[in-house]
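Protein chains in written order, with our numbering: chain F, 153 to 261; chain U, 4 to 186; chain L, 144 to 1134; chain A, 4 to 420.
Be careful, since some hints might not be right.
When the alpha-carbon atoms are kept at most 30 Å apart in a straight line, the in silico DSS-like pairs for lysine-lysine are as follows [said to hold, decoys possible]:
#	chain 1	residue 1	chain 2	residue 2
1	L	Lys201	L	Lys579
2	L	Lys887	F	Lys241
3	A	Lys293	A	Lys272
4	F	Lys236	L	Lys827
5	L	Lys887	L	Lys827
6	L	Lys201	A	Lys272
7	L	Lys827	L	Lys579
8	A	Lys180	F	Lys230
9	L	Lys579	F	Lys230
10	L	Lys768	U	Lys150
11	F	Lys203	L	Lys579
12	A	Lys180	A	Lys293
13	A	Lys293	A	Lys356
Label pairs and their in silico Cβ distance ranges [to be verified]:
#	chain 1	residue 1	chain 2	residue 2	range
14	L	Arg283	A	Asp390	52 to 60 Å
15	A	Gly59	L	Leu257	57 to 65 Å
16	F	Ala253	L	Leu257	57 to 65 Å
17	L	Asn1112	F	Pro181	50 to 58 Å
18	L	Leu257	A	Arg5	36 to 44 Å
19	A	Ala16	L	Pro714	50 to 58 Å
These are computed hints drawn from the structure, not numbers from a lab.
Glycine included, every Cβ here is placed at the ideal spot set by N, Cα and C.
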Amino acid sequence: MLLIRCPYCEEERPELEFAGAGEAHIARPANMSDISDEDFEAFFFIRENQKGIVFERWRHIHGCGRFFNAARHSVSDKFIVTYKAGEPKPELTDEQIAAVAGATGKSGK
Amino acid sequence: MAKAPKVARAHPLAGRQFAGNGVTLAPVDIASRVSLRAEAGALADIGKLLGFALPTRPKTSAAKGRRTALWLGPDEWLITDATNQRLAATLAKAEPAGCSVVDIAHRNTAIEVSGPNAAAALNAGCPQDLRAAAFAVGAASRTVLAKAEIVLLRTGEDAFRVECWRSFADYVWTYLVDAAKSA
Amino acid sequence: MSFTPPPAAYRVAGKGRLSPAKTVSFTFDGRRYSALEGDTVASALLAHGVHLVGRSFKYHRPRGILSSGPEEPNALLDVARDATRRQPNVRATTQEVFDGLIATSQNRWPSLALDVGAVNDAFARFFPAGFYYKTFMWPRTAWERLYEPVIRRAAGLGTAPTEPDPDRYANRFAHCDLLVIGGGPAGLAAALAGAKAGLDVIVCDENAQFGGSLLAESRAQIDGEPAGRWAETMADQLRAMANVRLLPRTTAFAYHAQNMVSLAERITDHMAAPDTDAPRERLWQVRAERVVLATGAIERQLVFADNDRPGVMLASAAREYLNHYGVAVGRKIGVYTACDSAYAAAFDLAEAGSEIVAIVDARDNPDSALLARANDLGVKVLTAHAVTGTTGRRRVRSMTVEPMHQSVRRKVEIDALLVCGGWTPSAHLFSQSRGKLAYDAANGRFLPDAPAQNCVCVGSCNGTDDLAGAIAEGAAAAGGEAKVDVAEAPSMTGHLIGAAKGAGVGTTSKAFIDYQNDVTAKDIRLAVREGMHSIEHVKRYTTTGMATDQGKMSNLHALAIAAEALDAEIPQVGLTTFRAPYTPVTFGTFVNHARGPLFDPTRRTPMHAWAQRNGAVFEDVGHWKRAWYFPRGAEDMGEAVNRECATTRQVAGIFDASTLGKIEVVGPDAVAFMNLMYTNPWDKLAVGRCRYGIMCREDGYIYDDGVVGRLAQDRFHVTTTTGGAPRVLNMMEDYLQTEFPDWKVWLTSVSEQWAVIAVNGPKAREIIEPLVKGIDMSGEAMPHMSVREGTICGVPTRLMRMSFTGELGFEINVPADYGATVWDAVWARGERMGMTPYGTEAMHVMRAEKGYIIVGQDTDGTVTPHDAGLSWAIGKKKTDFVGIRGLARPDLVASGRRQLVGLKTKDPNIVLEEGAQVVADPNQAVPMTMIGHVTSSYWSQVLGHSIAMALIEGGHERMGETLYVPMANETIAVDVCDPVFYDPDGGRLDG
Amino acid sequence: MRRYSAFSLAREAMRSHTGWDKQWDNPEPRSRYDVIIVGAGGHGLGTAYYLAAEHGITNIAVLEKGWLGGGNTGRNTTIIRSNYLYDESAGIYNHAIKLWEGLSAELNYNVMFSQRGVMMLAHNVHDVQVAQRHIHANRLNGVDNQWLTPEEAKAFCPPLNISRSARYPVMGAALQKKGGTARHDAVAWGYARAASARGVHIIQNCEVTGIHRGADGAVTGVETTRGTINAGKVGVVAAGHTSVLMEMAGLRMPLESFPLQALVSEPVKPVFPCVVMSNSVHAYISQSDKGELVIGAGTDQYTSYSQTGGLHILSHTLEAICEMFPMFTRMKMLRTWGGIVDVTPDRSPILAKTPVKGLYANCGWGTGGFKATPGSAHVFAHTIARDEPHEINAGFTLERFRTGRLIDEAAAAAVAH
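With the rest of the complex left out, here is chain F (with noise of 0.2 Å):
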């Protein structure tokens, strides 16, 4: 069970609250009834699934209601940022992916 840093809560809250909502920044077309098959095919059904980085969205569903996005690693599941729907991809550093990517915790021995 993950724990999730609800970017409105200002808190880490267990995930039992939270109901994940798919990959994250796929705007929706303004102009939807215009786009082609294949620009429908990317939105609603292509999909990054990164082995590493992902950004997904998190609904805090039984907490505050709100969604929001987080940048997670695939591999070792922890999160590097939660931020709040509407706020750009945040730019990661080598530093907060490394943070993440293996077995390097905050402390050792």
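Chains U, L and A: place on chain F using the hints.
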């Protein structure tokens, strides 16, 4: 809406009680509940109608007299009035300022959980950190109790108010009894 | 019961920590034995000289008690308190004895001493690793008919419980600053340091008593006090602190992401008569800021021929049996070791009066101090020697001793053989936390290296074997400091992994690695010979490490033997994954409270009790219990439904519609939002009017539907399907929050604010009207599909005029706590006029007579509004709504799509089966070309014939066509028709 | 390839089993093959086997980044059935069942296919409607599937709780008698041995790090941790890692990878004679030949390549198991593990050519790939060999996500009302 109806309300947990193993459970009557969704610009108007300022920090509540306002989300509050049934009508006057006032008096059911093992009983199904440092008196949060969504308010060091949707009340009550017995 | 159990002949007076005054008794295979309070079943049996306690999995070899802890592979028993509280596969080494405990041996027939299955052992050469992959293939069906049943009966261990479990289980979510796992010296030091620093500390240990390895100690002193007493003092100190929670009998079995650790606390299994309210076990889901792993180390056996006879035992176990339980495991004891620690066991037993016939040490030059002490005690040490065989069927009788580098065999009589191949640090949880392990070649072990979470390993699980060092390391891990003086602590130096003498390459002896699964050294080599070069392949092919002990003693041996066979270094061959749980955990612990009524919430409406009183049969719809039908007298379901339909159409019916989802949509942008979410246009819906709305997903398939009432310019009362309510609200919030965050509109679920009483039928208005105030209910003032606010029975109502039956209909929404009262009032009037209550089945029939769809029954996630004949509900002028683009995709506009139509059977009395498939040509061969299926099908009492709805390819173009429904024993001819069967002009809506 | 038989086993027993050959070779990779299969699970090894056995193509490499059979093939709960609704699904899974029935003999390797019957429970009216729809469609498709009353279901599976007072009482069940289980490792090993014997190179510990394409865009080979390997045809059969591999060829896929967990209990004597599944209460269970109860759990709600999942997922599964079989609360969980399942939007697989010439995809099996193994491998081999789909997999295209011609088994079981 005119005066309060004379028909008696049927509390879904009417007549139930439990006490044992350091936990007391009791159904609570609450006359009014409002789900308030509001943008920042409407908060002042609401505060005036309510009689006190809405809490704006996560996981907090504010209270005055019989009224309590729980922060549930950045634009959402659960406001209760223990005895007056007309809270929704009162607050509805703020709607033009940019908010939605919806009467949910009957949607929720409240249970008081108290006693030295109260937090332990809740933690049988609620995954939040309920230690005093993390969930102080006055703290409020929507969360879960096992498979039910609840709103949790700490009313005292050893006392909590649990609200859930009406049809989940039997489940939440039964769960808390089971939890209390094994706390 | 005058029978007095025989005295415990192997109990040593003056040894151990158990009180001889507190005795209990238990039975094993029907025989009664005495025990002391605090005994395990293993220690109590050993006290009586009982070593044979089980049979192995494959060869059914006699097996004894090998260890004193959870790593035990052999001594698995069926343990019961009574008929319903029976647990198979219990480790005798961890089960505490209570008065009246019933223990039974497993996997043997007819008895433990005489097991027919042992014939497998004689033919073992025909059953090497993986033999079943190579045979049992002929004839083709023989595997499942003949061989598999035999193999299944022979396999398995204990017998599964057959009765429902009367015990209770519990759960606790907990948070702490410091979780210490393991209450040995390092763990106790860590816990105390953390507690003194003011941290919230949880410390757990799998044993009944804290102390860990110190429980086996006899000589070691810490700060001048016996080590065992030091542990007790530490535990007492911790117990007295308010910020510390001590959890004995609690196993940390899984380490999850973000420092969540699962613990299984065993609360009543050691009690003779526990409080019936007390849970048997509790799952702790602990979220810790920091975790200290003080999980210790597990001693390994040595791999030599016939190393599995009853009486062969780990040296440390023998020491614990003596020093903690006061039991000598034998009188003539051999010791075979490659590690210093076994000497301590030998010395203690010698001092307690057992004869140590020899310490056989595989090493050339053991520590001279140990040799000197052996000499002092008169214990013979054979260095550079090996044990290369044993004899004895039910108990070891002799060992064969050989010099390491010669072949001179000597048989020595013994009644117990202590073995020690060194120690394996318990890195299971650390590895589960995704910490990396590194191989320590000098000491033949994997040690924790880089952590992946905020955790730290201390003590012997970290390779810190000296007691003072372990205590200091423990304290330091919690930010403290502990300097203790330690005297006479045993050394753990020395190891031997892999095959010992006589079990190496080219030998054919049975030298067991994995006792329970009967995996021998030569099995590993066979696997490698057959190309299993990954350790995971070796494991799966031989099943080594897959028994109930999960390879705690065997994994390193298997790895070493595989490495040797592959001519590779151990780290290159790799380690198999450590998987949760550390030790087996009951399903009950995971399920805990969620049993019976708490398995899943049962949601009931405010009028549920009335329905129950009036004989309703209920159906499950999601979490809800809905009244399905109301049989009267001896009516069956069909008769009840026919009556309910007929009465409703002739007079009136009352129906509980409370479970429908309801959402209040409020705000200046409410109309724009409704236009987006629904295919319908909403701008022109007048205040006070209702409209049936269709909601799609972006892919254009129907997602939900419901009637929407406009309460004010900026306020809608939206209804959804019962099951769809949460997902519809979630989808609405999603669009609002993430795509249109600037819109001023808010959503509130009011599903449970309103109880909904539907009254349908010609007399509906007449029944309700007198109860209503403030609403003109006349046909002119309140036309079909309108909504009004007023009061009924003195309570506020949102009264909607609408109909799902085709009759004049009203849906009375009242605040839920008034629902039952208002229902009673309406019922009281209606009953006098002949009204019936009806359930969901009659509702389904009546709506089908009208051709109204049920989302999820007549649609299935592949049906568009066009397919469903609802094109009229799509706003033709709209430039956007959810689903607009999906609906335009090539396959969704292609011809030949399955479309909703009505079906009438040629024989009006035949009611089609829902789900039945429809074909155009009934005479084709299987596989047939199916062109559709029946979605809804009922007997229509009012029409006097059956009716059905179906999704048929190109159905809208097939009106009047004859199609066929091939059933198992007949083919039913049907005519395609319009799905509106009853009152197509809608005249009855006005009563 | 030395044949396995009772006779050869007896003969080897007399000489301490020293005469057994390697079941498969571990060759060094060549620089060029006719076909490269990426992924040495059951589907990939089977594809190589059928290419060699039925299409005369033997110059094949199967590249595996870890150990063969170590992915979902060795991590699933081994349920085999074919009672799917749509013609396309019924077609491929039934093709698989036919191949399963002869697989041990064909491979000379006992895969322990056991047609113990798969029973899918119905707990409410909607479940019954869905089950009946399947049963009728299956009958007309020649797929066995029959309706059982609660009493018949209990007779077939005695531990089943059919009490009317259960939270979700059993209203009946759909039984496919030809369904059952097989030994998962044996499937990978049997195909590996048979393919290796026909000259297929199985190259383990060889991770594909790139896909090479020529000037015309067609595939020319792959880059690996063991060097460049050329081939004109590359079949990707990499389950959860498909998105990662396809991206190397510039293809973005309609796939998401989720953790899926399973568990076994301690072994007990035979107590559970068949396979039972319940979609409503979310659980499936059988008993292995070793005696372990084998229980499949659900997927987590987030994408992950971690091969681990949340504890609460296991709890929910065991709650359902103990609701259906209340005596099992005292059984003990012995081992849990996780796999990575690749899921398409319509929950049906992709078994097709791709827009990149010479690149073929076999993916998207979600939680149900094991049962299809021989069928999938068989028609995928055809697709690669002929550069066109077999009629059985013609519908499992990538294009369906553009046209909307989905094969939506999940939607067809939509939760209702």
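Hints, one by one, checked against the model:
no.	hint	in the structure
1	L:Lys201 - L:Lys579	violated (35 Å)
2	L:Lys887 - F:Lys241	holds (25 Å)
3	A:Lys293 - A:Lys272	holds (9 Å)
4	F:Lys236 - L:Lys827	violated (36 Å)
5	L:Lys887 - L:Lys827	holds (20 Å)
6	L:Lys201 - A:Lys272	holds (13 Å)
7	L:Lys827 - L:Lys579	violated (66 Å)
8	A:Lys180 - F:Lys230	violated (44 Å)
9	L:Lys579 - F:Lys230	holds (16 Å)
10	L:Lys768 - U:Lys150	holds (17 Å)
11	F:Lys203 - L:Lys579	holds (20 Å)
12	A:Lys180 - A:Lys293	holds (22 Å)
13	A:Lys293 - A:Lys356	violated (40 Å)
14	L:Arg283 - A:Asp390: 52 to 60 Å	violated (34 Å)
15	A:Gly59 - L:Leu257: 57 to 65 Å	holds (59 Å)
16	F:Ala253 - L:Leu257: 57 to 65 Å	holds (59 Å)
17	L:Asn1112 - F:Pro181: 50 to 58 Å	holds (54 Å)
18	L:Leu257 - A:Arg5: 36 to 44 Å	holds (40 Å)
19	A:Ala16 - L:Pro714: 50 to 58 Å	violated (35 Å)
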